[in-house]
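Respectively, the protein sequence lines represent chains L and G.
Residues in the first sequence are numbered consecutively from 565, following the working numbering.
Residues in the second sequence are numbered consecutively from 32, following the working numbering.
Where hints are given, some of them may not hold.
Unchecked claim - Selected chain L positions facing chain G (Cβ under 7 angstroms, derived; list incomplete):
| id | residue |
| --- | --- |
| 1 | A726 |
| 2 | A740 |
| 3 | A744 |
What the hints contain is simulated information worked out from the structure, not anything from laboratory work.
Beta carbons: idealized from backbone N, C-alpha and C, even for Gly.
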Amino acid sequence: MMQKFRRRAGRGSLWQLALRAFVGLVLAYLVLPILVVIPLSFTAGQLLVFPIPGYSLQWYEDFFTNPLWTGALWNSVMIGVATTILATILGTLAALGLHGSKFRLKPVVVALLITPLAAPVVIVAVATFYFFASINLVGTYLGVILAHTLLALPFVVITVTATLQGFDTNLTRAGASLGATPVHVFRTVTLPIISPGIISGALFAFVTSFDEIVVALFVASPQQRTLPRQIFSGVSESISPTIMAAAVVLLVISLGLMIVMELLRRRSERLVGRAR
Amino acid sequence: MNAIASIPGKSQIEDPIVRFSGVRKSYDGETLVVRDLNLDIVRGEFLTLLGPSGSGKTTSLMMLAGFEAPTEGTISIGGKDVTALPPHRRGIGVVFQNYSLFPHMTIGQNVGYPLRVRGTAQDEIDKRVMEALEMVELGAFGDRRPAQLSGGQQQRAALARALVFRPDLVLLDEPLGALDKQLREQMQYELKRLHEELKVTMVYVTHDQTEALTMSDRIAVFNDGRIQQLARPADLYENPQNAFVAEFVGENNRLSGIVTGVGENSVQVDVGGAAVVKARTSSRFAKGEKAVLSLRPERVAVAQAGKWENDFTVDIDKVVYLGDINRLLLRFAGGSEFAVRVANVGSGPAYKRGDSVRIAWRQADCLAFPAE
């Protein structure tokens, strides 16, 4: 009896070991290429080679002082912030309008709002390029911002809609019955409760714009070159380790935003969960 | 419907706090959820809108609160037409079934909300919030969040919030529906106490007829978008105006048959199985018409020697033990289910399936309605 037991347990743990090894390999495959970038960005040498001859912050210094890079960083931040503001306002309004309303074309409207997520980015980029060319928006900040807003909008709509699903519409009725105008109810009741959803939608929007390369290649001119675009041209033109420093900066910012989003999600879950 | 007939004293109704006149409501433009609602609500009364789901009672309440607009007709409060007035300008307190406390505010902030909206001074707010919380015995809970309170406490907080700005009219939409039985009974008494203390008008929606009977001054029974009857609880129970009300309010045996004889305010109805039942009625019947009979189980005497107009011997189909009483299900009138109650007094015969038993009831306790 005991032996049988042990053997079965042994086989089980072998399987488990194999599974763990496989999962570990997959994770390594996903993460290692990113991790390789980090030591390279601190190299004291001029080339992107291992072993690293020594550690230095020179490439970060170059990144934060070279106008080529600081300009790109500034462009990315500015376009990202503008996109975030625009997409968050439009997406939140769309989600609020769609929530609880019933009209025949609602599924069509929802599908149209989500389309940029499903359509291949390159097709969106090409279409946007031709459309914007005809109205002189190619090579302008406004053009890039509008195109990025289009790409970021679905994220805001989806996250805010998801938050609204846990929102009890009777709360707005309660607010109204207590004497508050619709605007006041929105400000004091709806907005505070759905704000985690709006903020995480906004962060999604920012990351979408901040990491975006395809539309930036098509629609932006060198004047609006964003950080991803600068990295791209940096790779094809000069193999300077500054690219690695830029990549690490991009990575840290994206990662930071992801962590904030996760914290917000937990907070919102706690709030909605407790209200039940 | 004959709703106006049973409204109490004429002097009160000259100054109703709420008047629905000719109100209809349709959501889709085809089916009417509320058909031709005419209802006066007396100042200070506890009025219950009672009915099954989909009967139009909640829709009527929501129209009064201003959350839904009537398709036709007008609603006035205190003599002023409010049909087009948005809810935030009606000054009505509303208590919802799921409490609807703001989850991101403390209980104190929740209760203070209607006062802050009205621009009341902070020290006055603090004072009145404390008063309102003490009134519902939540004085120590002002700093808690709604989620830290039990269901009953949350509903009391919601009640305090609906009362703190001293509205004349408070609407309650199945407020006890989410609570367990014991808590529900306790809250019923508390609500009645508040109603008497504050002398506010309360309009209460429920599908629970026991709740309606124990709490209300008057009950409006809704079905199919209409008020079937508007009456005091005892009137409703003793003199239902139609078969629906008889069946919805209280337990009821329903028998149907053909009229074989007509007297003054009485009929004889052949209910099948060679049984002819004598019943009271306020409707006019002709021989050969179909009738529905309604008889309360507690009005049927079981195995007693009394000499009553209706007297039958029947077989017991089933005995259900309920502790304080035994419910006997009898085979009567060609097989339809017929229930009677026997108090469980410890002595007396032990009934069992298959036994024969004598049942009797007065003509006055059995009501006949035209079959619809």
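Chain G contact restraint for L/A726 - C-beta distance below 7 angstroms
With a closest approach of 17 angstroms, the L/A726 hint is violated.
When the nearest CB of chain G is found for L/A744, is that gap smaller than 7 angstroms?
With a closest approach of 5 angstroms, the L/A744 hint holds.
Taking the closest Cβ pair, is L/A740 under 7 angstroms from chain G?
L/A740 check passes; min Cβ-Cβ to chain G is 4 angstroms, inside 7 angstroms.
Against the hints set out earlier in the document, a violation occurs for number 1 only.
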